Amino acid sequence: MEGRKLIITIPLLLFFIAFFSVPPAAFGRKVTLPRKRMPQPCMNLVFYFHDILYNGKNAANATSAIVGSPAWGNRTILAGQSNFGDMVVFDDPITLDNNLHSPPVGRAQGFYFYDRKDVFTAWLGFSFVFNNSDYRGSINFAGADPLLIKTRDISVIGGTGDFFMARGIATLMTDAFEGEVYFRLRTDIKLYECY
Amino acid sequence: MEGRKLIITIPLLLFFIAFFSVPPAAFGRKVTLPRKRMPQPCMNLVFYFHDILYNGKNAANATSAIVGSPAWGNRTILAGQSNFGDMVVFDDPITLDNNLHSPPVGRAQGFYFYDRKDVFTAWLGFSFVFNNSDYRGSINFAGADPLLIKTRDISVIGGTGDFFMARGIATLMTDAFEGEVYFRLRTDIKLYECY
Amino acid sequence: MEGRKLIITIPLLLFFIAFFSVPPAAFGRKVTLPRKRMPQPCMNLVFYFHDILYNGKNAANATSAIVGSPAWGNRTILAGQSNFGDMVVFDDPITLDNNLHSPPVGRAQGFYFYDRKDVFTAWLGFSFVFNNSDYRGSINFAGADPLLIKTRDISVIGGTGDFFMARGIATLMTDAFEGEVYFRLRTDIKLYECY
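Residue numbers (the UniProt record's numbering), protein chains in the order written: chain A, 1 to 195; chain B, 1 to 195; chain C, 1 to 195.
Since the hints were made in silico from the structure, they are not lab data.
In this text, all values refer to a predicted model and were calculated from it rather than measured experimentally.
Some clues are possibly wrong.
What the hints assert, rightly or not - Label-pair ranges, simulated between beta-carbon atoms:
#1 B/Asn131 with C/Ile77: 49 to 59 Å
#2 C/Leu148 with A/Asp188: 23 to 33 Å
#3 C/Phe177 with A/Lys150: 44 to 54 Å
#4 A/Asp134 with C/Met38: 35 to 45 Å
#5 A/Asp97 with C/Met173: 44 to 54 Å
#6 B/Asn74 with A/Trp72: 41 to 51 Å
#7 B/Asn131 with C/Thr76: 31 to 41 Å
#8 C/Pro103 with A/Trp72: 23 to 33 Å
#9 C/Ala60 with B/Asn74: 27 to 37 Å
#10 B/Gln40 with C/Thr76: 30 to 40 Å
#11 C/Asp118 with A/His101: 49 to 59 Å
#12 C/Arg136 with B/Asn61: 22 to 32 Å
#13 B/Ala59 with C/Phe177: 23 to 33 Å
#14 B/Gly161 with C/Val46: 18 to 28 Å
For glycine and all other residues, C-beta sits at the position ideal for the given N, C-alpha and C.
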C-alpha cells in the first residue's frame, strides 16, 4: 500500500514542480529582478549609413537637406555656433560595409538636429526601413548623439515586421566624414527584447 | 526500502526545485523565449484622424501647417521632389468613423515630414490625446510611413493614463485624401504590452 | 482511510491547478494579465530643467532657439495663435533643485513644438544626458505636453548607460515661467522597467 502511494505521489510532485514553477513577479507585470549580470542581446546587427547633405551644389547626390535653422542661420550652409539649431531631414542608403557604393540593403529615414552651441552634439529620430529578402520591416531609434565622442548609445524604441516590438541599444560610431557634406555612421544594434 | 526511496527522492526534489524554479532568462531581464506563435494583442483600437494642411487660404479650418522646408521650398506650398524636406506640425481631430464631421473623441498631435525625393514617404512622431469619459490618457507613436503602400506599421512607443506603459504596433491606412490639403488616416492600434 | 486521503487530495489538486495555472500567453511573450494593482516604480528621480529662449537680444544666455515656424511666424518671436507651429531646439541645464544657478548635473537636449491654435499645447522629444560620478547615461522621452494643465505625463521611451533599457512615465510640472523667455520644468521620473 505504501509503495503504491509513493508511485503516485512522486510523479505528481515532479509534474507540479516542472509545470507550475513561475517566479512570483510574473503575475501581472514583467520580471525585473535586481540585475545580476549584463543581459545577452537576442539579436545583433551591424550596418552603415551614409549622409550627403545638400549644400546648394549637390542636388543630384544629396540624401539630406537642412529644413530648419535658427534666426541667424539659413538652409544651405550649416549655422555657426556648432550648427546649433540646424534641423536636417534625411533618406540615407544603408550598406553592410563602409563603402558608399555598396548595394544598399535598406534606407535610414528620419531627422537630426544640432542642439549645442559650444560643442557638436545632435539628437536623432529615425528608422531603418528594410524591404528585401533578408529583412522586411523597420527599426525605430531615438536619442542624443554627442558626435565628438567615439561611441554613442541611443535607444531602439520599437520595430515592425521582422523586428516586431524590438527594444535595445544602438551604438553609433562616426566611421568617416568629409567636411560638412558627407558622414558615414557605423550602427551596432543590440536588441534585448525580441518576440 | 522506505529509507532508500527517500534518499533518492529528496536530492531529486532539490535538483528539480533548483533547476526549474526560475527560467534562466529571468535574471534581470524579461523572459524572451523563442517565438512560438504570433502573440495576441492585449488591446485593439481603431481610430481615424483628419489632417487639413494650411495652404494660405484655409486658416480657419486648417489643423496643420508647414513649419520647415528645404532651401528650395516654402511654408505655404508643399515642395517639389515628393515634398522632400517639408516638416508639418499638426493638431488633428480623432473620430471613431471615417466622417470628418463626427464628434471628435481626441486629438492627434505631433509632426511629420516628407523624407524621400523620388517617392512620397513620411516619418511621424505624434500622440493620441484623450480626455473624456471613455478614454483618458495618451498613446505615443513613432516610425516611418511609406504612404503610397496600402498598410504601414509604426511603433507604439509608450502611453500614459489608461494606456499606461503601452507598447505595440499601429497600422496606418490612407482612408482618403483630397489633393494636397486633406488626408484621413485609419489607425489600427494593437497593444502587445498592457499593464 | 483511502477515502479520507482522497478527500484531502482532490481539493489540493484543484487548488494547485487553479493557483498555478500559467496563462497561455506567458510562453514567448510578456505576461499581461489584467492589471490587479498599480505597479511600483523600480527607480524614482526628480530633476528640474531650465529653458531660456532666444529672443534676438539674449544670445549669450539663451539655451534654446526657434528653428521652425509657420508661414505667418518668424524665428525670433513666438507666433500668434498660441505659438502654433513654432519648433524649438534646446540644450538646457538640469539641476537638482529649482534654482537656475545651481550646479547643473546634466543637460536636457531635444526639441519641442507648439501644436494647437486655440490653447498652449506642446509636443516634446528629448533626452536627459548625464556624464558625472552620480549618473552616466541618458534617458529618452517623448509625448504630448498640454502645458496649461498642472501635471502632464509623457513617456520614457528608452535609456542607456545607468538607465539601460529604461521605460516609464515622466510627470512634467511648470515650476516657473517668465514671459516668453524663461520656463522651468520639474520632471518626476518613475521607471517601471529597470534592468
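State the violated hints by number, sorted upward, taking the hints as numbered earlier in the document.
1, 2, 3, 6, 10 and 12
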